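Trainee: First to last, the protein sequences are chains A and B. Counted from 1, the first sequence has number 179 at position 180 by numbering that gives the first Met the number 0; the numbering is strictly sequential. Counted from 1, the second sequence has number 32 at position 33 by numbering that gives the first Met the number 0; the numbering is strictly sequential.
By construction, these hints were calculated from the structure, which means they are not laboratory data. Do not take every clue at face value.
Any copy, or any two copies together, can satisfy a pair, since identical chains are not distinguished.
Computed cross-link-like contacts, SDA-like style, restricted to lysine to any residue with a CA-CA straight-line distance of at most 20 Å [said to hold, decoys possible]:
no.: 1; residue 1: K80; residue 2: T177
no.: 2; residue 1: K95; residue 2: P72
no.: 3; residue 1: K95; residue 2: V66
no.: 4; residue 1: K80; residue 2: G120
Keep in mind that this is a model prediction, so the values were computed, not measured.
The chain contents come next:
There are 2 protein chains.
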Amino acid sequence: MTAETIWSSIAETLRAEIAQGVRAPGARLPTEAQLSKRFGVNRHTVRRALAHLSQEGLLHSRRGVGVFVASRPAEYALGPKVRFHRNISAAGRFPKRHTTLIETRNPTEAEAEALKISTSGRVIATEGISLSDGVPIALFASAFPEDRLPGLADALSELSSVTEALARAGVPDYTRRTTRITAVTADPAQAALLQISAGTALILGVSLSVDPAGRPVEFGTSHFVGERVTLTLDHA
Amino acid sequence: MTAETIWSSIAETLRAEIAQGVRAPGARLPTEAQLSKRFGVNRHTVRRALAHLSQEGLLHSRRGVGVFVASRPAEYALGPKVRFHRNISAAGRFPKRHTTLIETRNPTEAEAEALKISTSGRVIATEGISLSDGVPIALFASAFPEDRLPGLADALSELSSVTEALARAGVPDYTRRTTRITAVTADPAQAALLQISAGTALILGVSLSVDPAGRPVEFGTSHFVGERVTLTLDHA
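With the rest of the complex left out, here is chain A:
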């Protein structure tokens, strides 16, 4: 066997273990010393195999910590019935929303215009972090028109699901009307919350949802971590 056939056969073995889920996304690989021993090769050969799998995007190294199986990006379906918990669950992951702020205040101009209320009106504003399998995937910020949604602030503080909170506030169903998407880079504060480096690419999504009568009920902003999320659209 040539050196190349040896490292590429090791890479092939590890690739198969990852594909079969024996090594799960986010799992740490054995050390180079352990892999050397397992395959009966020197560390240089192990490193070649690991470098190759890193290039393919299957592994990523964290300096001083180890080598990890890369997470596949969570697929997040956009459409008239976007629901965070259902979307993440459908991808076989565990969804969680950690709300860091609930307050009642005047709307910004953008919020007032989108929600069709006066800037002297009141919105319930929320902020927080969305997680998938415990990994932060997005920062969210939403504004809800207080007048149309009695009791929503309390409901949001008790329930982790916006859908359930809206139902308790008298809106049993709602629909995504529009989404606007662009890309920005993470500032240091966003990066710290999302556990990424500043300058990492974020998908910025701005959405408007309406009740069955077409009245706006939520104006939302999400910053998704690009390398952790793919938004999917089925136009059919």
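Since chain A is already given, all that's left is putting chain B on it; use the hints.
Mentor: Below, chain B alone, put in the same frame as chain A:
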């Protein structure tokens, strides 16, 4: 008048000139010295006004070059009938596609899977830059299945519109089936082509289009400059 009323009234005057189109997106503002003279104030006051408008996103400075009126992002509607030329024209802008590559080759694995052809089949691959009002807004790369589209390579080299080239190759109509969206940062090569800095956030869109019989005809990848493009989705 207090210092604040003075600079904010200057900012208000400039804001109105921008809103009315007297100062067009991309236009350079007069120098600080010229603005000082015009408004009869010192440069410090002019700088306060300009800083305020920059914070609002109406202006951006290029070090050593000057201060410019920011371009509003081009709105780019996604849906089953996405057409580049119509989209950009609808935004009141002048669309142009500059094709830098047309070649026939074997498909990559991703292309073969999306287009439902064999990896030993052939695709017509194109690459280029999309411009709006002369400003680069995206890099595009597409793969078309050669077997299903006789004469397409010639048509693409003669016509700037993909829609017209497909029509000549026997596909009078086509539909966007899916779009997948994430965010990445521009590498130096992309940055040079798009006239932006490396590390700028790009929207990465991957799309599949089909003919009326549902057969895939185009697998496309676009890297849109985040600060120049907003993708819009109407879910209604």
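Trainee: Indicate, hint by hint, whether the structure satisfies it.
Mentor: Verification of the hints:
no.: 1; hint: K80 to T177; result: both (11 Å within a copy, 17 Å between copies)
no.: 2; hint: K95 to P72; result: within (16 Å within a copy, 33 Å between copies)
no.: 3; hint: K95 to V66; result: neither (26 Å within a copy, 44 Å between copies)
no.: 4; hint: K80 to G120; result: neither (28 Å within a copy, 39 Å between copies)
The structure fails hints 3 and 4 (numbered hints given earlier, in ascending order).
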